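Participant: These are the residues of each chain, in order.
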Amino acid sequence: MTSLAVARNVLRRLLRDVRTLALIVVLPLFFVLLYGNSFSGSYSGLRVVVVDQDNGLASVRTAELGRITLEMNLASAFIDALDPDTFDVRLVEDEEAAIAAVGAGSWAAVVFPKSFSNAIVNEAVRAGGERKATFEGETVTLLPSDPLDAPSTVIVVDDSNPLLASAVLDGLDTAFAAVLETQRSTLDVDSLLDVRPLYDGRIRMLDFTAPGIIGFAMTLITVLLTAMAVVRERTGGTLTRILIAPVSAWQVTLGYTLAFSAIAAVQTAELFLASVLLFGVRFVGDPGIVALVVVLFAVGLQGIATLISTLSRNEAQAMQFVLFLLIPSIMLSGVFWPLETMPATIRPLSYAIPLTYANTALRKVMLTDAPLGELTFELAVLAAIAVVALGLSVFTMRRQAYSA
Amino acid sequence: MSAEQVVRATGLVKRFGRQTALDGLSLSVRQGQLYGLAGPNGAGKTTLIRTLCGLLRPDEGEAELLGWRMPSRRVRAQLGYMPQDFAVYDDLSVIQNLEFYGSLYALRRAQVRARADELLELVRLADRRRQRVGTLSGGMRRRVSLAISLLHRPRLAFLDEPTAGVDPKLRRSFWDHFNALAEQDVTLVVTTHLVEEAQRCGAVGFLMAGRLLTEGSPDEILAETGTSNLDDAFIVLQERGEDPT
Chain A
224 MTSLAVARNV
234 LRRLLRDVRT
244 LALIVVLPLF
254 FVLLYGNSFS
264 GSYSGLRVVV
274 VDQDNGLASV
284 RTAELGRITL
294 EMNLASAFID
304 ALDPDTFDVR
314 LVEDEEAAIA
324 AVGAGSWAAV
334 VFPKSFSNAI
344 VNEAVRAGGE
354 RKATFEGETV
364 TLLPSDPLDA
374 PSTVIVVDDS
384 NPLLASAVLD
394 GLDTAFAAVL
404 ETQRSTLDVD
414 SLLDVRPLYD
424 GRIRMLDFTA
434 PGIIGFAMTL
444 ITVLLTAMAV
454 VRERTGGTLT
464 RILIAPVSAW
474 QVTLGYTLAF
484 SAIAAVQTAE
494 LFLASVLLFG
504 VRFVGDPGIV
514 ALVVVLFAVG
524 LQGIATLIST
534 LSRNEAQAMQ
544 FVLFLLIPSI
554 MLSGVFWPLE
564 TMPATIRPLS
574 YAIPLTYANT
584 ALRKVMLTDA
594 PLGELTFELA
604 VLAAIAVVAL
614 GLSVFTMRRQ
624 AYSA
Chain B
128 MSAEQVVRAT
138 GLVKRFGRQT
148 ALDGLSLSVR
158 QGQLYGLAGP
168 NGAGKTTLIR
178 TLCGLLRPDE
188 GEAELLGWRM
198 PSRRVRAQLG
208 YMPQDFAVYD
218 DLSVIQNLEF
228 YGSLYALRRA
238 QVRARADELL
248 ELVRLADRRR
258 QRVGTLSGGM
268 RRRVSLAISL
278 LHRPRLAFLD
288 EPTAGVDPKL
298 RRSFWDHFNA
308 LAEQDVTLVV
318 TTHLVEEAQR
328 CGAVGFLMAG
338 RLLTEGSPDE
348 ILAETGTSNL
358 DDAFIVLQER
368 GEDPT
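These protein sequences, in sequence, are chains A and B.
Its first residue numbered 224, the first sequence is counted upward by one per residue in our numbering.
Its first residue numbered 128, the second sequence is counted upward by one per residue in our numbering.
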């Protein structure tokens, strides 16, 4: 009976607090909606750059007419066969530019050689034996030619995300298979392709996820620590006492930022060191750039944490508000799977999460040694988040004293 | 506003939802006055102090401190505030608490140390200066809180229940100190739920349901009510308020 009394008391107190009650009800639903949407299992908008140098001609031997030239642009057929829901195909002329785009917004480059159609038709005939075709209104029998020394189709794939690289190659293979199917061939697709992983398979799934996990750990620790500390200052009355002294709200906010930045710096250094030393996580970039990303990210997080503390009457509420930041951060910021796998409806939410930018920036530096210039967008967004969040913190800091 | 009036409130109304905590309250306190705000719990003492200090915005009326309409940043350096809750850092020592708050008033470390010596002597915590505040009793923590609020020698101090939980002997020394400060031209507004305690003040305001029942010197209030002590005077005034006929 005593246990029941304790349980009843706990529930009564929870139910009396409307905000906590709302959080209790809304949080699980929020969680389910997020994972239901983020785990779509399919990819969309994967950018692939295609260089179509195929002349669209196939020179084949026939039983009836000797050697003839068939017109059949199989590279175009390949492009048409790519799933439009999965791939965002960009046609470019310059082979070098196409390959340079891989890892810089594009997941793969496909370069069709001039003799692509020719090679496919002849290899298909050789693999599948004789077959019929129509040429100028007549039915002709295609005969195998001598093996060709035709260049392969080059596919350069960004393998910084092994999961996604595999999905890209699967999608390209499917399109190639569809093209071969039109030639009624049992030809092995791989024999026609020269697949070149950008990082030679040196990036493991662990390397790909590490920057995001480190960023998530930073979010968790920094936001919780800051929000709890500010709520405790307020509920304990010390914040009121600070703000009634001749100090400005920005001085107080700056003080908090300095203190928690120092803590975040120590923790982040620990996270990076442990990841690299214990698990050999790839870190080929400039530590200075990583430090810049981390500082901007941490300052933004502290601003957000202070705002959370303003909304929270007590530490329990702050904790639940923090979850509203943490859950989307881990699910929607591209930590485990790229943003391209998320439905377009939920993607805007991803772009509203600071970790999305920190993760992208850290990943670029750690995995691909990206220079500062390649991070301009991410750094600008992180700086903007830091400025806005800190500005709002200063604004709400004095309100905290009023409402204490 | 007269130069001598350092606190002036006019028609203050403060509501929390449907509850009216301050109900058109007006008040004035002269410089160097030890003003006692007495009333039972829930009378509105803390709300009044917080409103005067600018921590709560009144729904109606206005307050001026040291000639500045509140809330104003200009008075903060001259303002002392002791909240009813302890508002001290339990995980810091007594002296660390004083040092931190002293730094907010731009006091140098040596100044804080010297001032801490005086104040900790007053609140009888000189031998506890290095002890963590969290390990002190409730009464001792309140005394730390009092020391903090007087640390920067404020011209005007609002002390919310500084004597709650303090033993009678120490309470008497507190009141002696408050009177000594008033003699040095420091203005103190001190709340207490022990009405009789207000006898030690130069001026007293009786607060009930967000309204001042009366204000004046203790002698004036006793004469007005024809009673011999402030407890009886409060009861008489309360009954008059309930039955205006």
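It should be emphasised that the hints constitute simulated quantities derived from the structure, not laboratory data.
A quick note: this is a predicted structure, and the numbers were derived from the prediction, not measured.
Just so you know, not all the hints are guaranteed correct.
To be verified - Which chain B residues face chain A? A few, computed with CB under 10 Å, are given here:
#1 Arg177
#2 Leu193
#3 Gly194
#4 Trp195
#5 Arg196
#6 Gln205
#7 Tyr208
#8 Pro210
#9 Gln211
#10 Asp212
#11 Ala214
#12 Tyr228
#13 Leu231
Said to hold, decoys possible - Some chain A residues well away from chain B (every beta-carbon gap over 12 Å; in silico):
#14 Phe253
#15 Thr285
#16 Asp303
#17 Leu462
For each residue, glycine too, the CB sits at the ideal point set by N, CA and C.
Participant: Is the nearest CB of chain B more than 12 Å from the CB of A:Thr285?
Facilitator: A:Thr285 is indeed farther than 12 Å from all Cβ atoms of chain B, at 92 Å.
Participant: Double-check B:Tyr228 for me: the hint is only fine if its C-beta lies closer than 10 Å to a C-beta in chain A.
Facilitator: Because about 7 Å separates B:Tyr228 from the closest Cβ in chain A, which is inside the 10 Å limit, the hint holds.
Participant: Would the non-interface assignment of A:Asp303 survive a Cβ cutoff of 12 Å against chain B?
Facilitator: 67 Å, holds
Participant: Take the shortest C-beta to C-beta distance between B:Tyr208 and chain A; is it under 10 Å?
Facilitator: 5 Å, holds
Participant: Was the hint right that B:Trp195 lines chain A, CB cutoff 10 Å?
Facilitator: 13 Å, violated
Participant: Answer holds if the nearest beta-carbon of chain A is closer than 10 Å to that of B:Arg196; otherwise answer violated.
Facilitator: 16 Å, violated
Participant: Double-check B:Leu193 for me: the hint is only fine if its C-beta lies closer than 10 Å to a C-beta in chain A.
Facilitator: 13 Å, violated
Participant: Does A:Leu462 sit more than 12 Å from chain B, CB to CB?
Facilitator: Violated, because the least Cβ-Cβ distance between A:Leu462 and chain B comes to about 9 Å, which does not exceed 12 Å.
Participant: Taking the closest Cβ pair, is B:Gly194 under 10 Å from chain A?
Facilitator: This interface hint is violated because 16 Å lies over the 10 Å limit.
Participant: Would the stated hint for B:Arg177 survive a check requiring a Cβ distance to chain A of less than 10 Å?
Facilitator: Given a least distance of 9 Å, the restraint on B:Arg177 holds.
Participant: Is the claim that A:Phe253 lies outside the interface with chain B correct, judged by CB distances over 12 Å?
Facilitator: 29 Å, holds
Participant: Quick check on the hint: B:Asp212 CB to chain A CB, less than 10 Å?
Facilitator: 4 Å, holds
Of the hints listed earlier, those the structure fails to meet are numbers 2, 3, 4, 5, 17, in rising order.
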